[in-house]
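J.: Work out the full structure, taking the sequences as your base and the hints as a guide.
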Amino acid sequence: MAIQDAKWYVVHTYSGYENAVKSNIEKFVAGRHLEDMILRIEIPMDKITEVSETGETREVERKTFPGYVLVKMVLTDDTWHLVRNIRGVTGFVGSANNPIPLTDEEVQSWGMEGHEVVVSYQEGDMVRITDGPFLGFSGIVESVEPDKNRVGVLVSMFGRETSIDLELDQVERVSS
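Position in the sequence shown (from 1) plus 829 gives the number in our numbering.
It is worth saying that the hints were derived from the structure and are not from the lab.
Please read all numbers here as calculations on a predicted model, not as lab measurements.
In this text, a Cβ means the ideal position worked out from N, Cα and C, and glycines have one as well.
Be a bit skeptical, because a hint or two may be false.
[What the hints assert, rightly or not] When the alpha-carbon atoms are kept at most 27 Å apart in a straight line, the in silico BS3-like pairs for lysine-lysine are as follows:
hint	residue 1	residue 2
1	K851	K977
2	K876	K836
3	K876	K851
4	K876	K892
5	K901	K856
6	K836	K901
7	K836	K892
8	K856	K892
9	K856	K836
10	K901	K876
11	K892	K977
12	K851	K901
13	K851	K836
[Stated by the list, open to error] Derived Cβ-Cβ restraints for the label pairs, each shown as a range:
hint	residue 1	residue 2	range
14	R979	M874	43 to 51 Å
15	D954	G896	45 to 53 Å
16	R989	T886	27 to 35 Å
T.: Shown next, in the form of structure tokens:
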């Protein structure tokens, strides 16, 4: 098995043991030189603004999924046993001996890994819409915002110019 076979798995822990579990997995991985089998260990966090009774605000981090740690690893009997036998781990999400990996959509929506879109067009280019309700329409790129995953396209519909907002991967450049 190779690094490209690595998937994200959800490990259930005793409440409050998330940081200890993460730390212990990292120590075992380093000690046994398994960096190519267990690639990342994450505890998803949310930033929340708290307002005290006196009206003071402060930003704090809270665990998105208390009692869970996410591990990107190549699943083998050895890696399964290593993670499963860490103190504080109660098991993997899935059936008893068969952990279920997260889907690509779950991984992206939780911000664990981004998916890169290569933009081959710029403002003024002619593009074809390849997805969504405007599939098949063509138009001129008005704006490109890679940081927001957005592209503005001016499309002619029913004799009128209409500006529509799409995701970067919903359009492709029309070659001249």
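J.: All hints, please: hold or fail.
T.: Tested hints:
no.: 1; hint: K851 to K977; result: violated, 31 Å
no.: 2; hint: K876 to K836; result: holds, 26 Å
no.: 3; hint: K876 to K851; result: holds, 20 Å
no.: 4; hint: K876 to K892; result: holds, 9 Å
no.: 5; hint: K901 to K856; result: holds, 15 Å
no.: 6; hint: K836 to K901; result: holds, 5 Å
no.: 7; hint: K836 to K892; result: holds, 21 Å
no.: 8; hint: K856 to K892; result: holds, 22 Å
no.: 9; hint: K856 to K836; result: holds, 20 Å
no.: 10; hint: K901 to K876; result: holds, 23 Å
no.: 11; hint: K892 to K977; result: holds, 25 Å
no.: 12; hint: K851 to K901; result: holds, 12 Å
no.: 13; hint: K851 to K836; result: holds, 17 Å
no.: 14; hint: R979 to M874: 43 to 51 Å; result: violated, 26 Å
no.: 15; hint: D954 to G896: 45 to 53 Å; result: holds, 49 Å
no.: 16; hint: R989 to T886: 27 to 35 Å; result: violated, 46 Å
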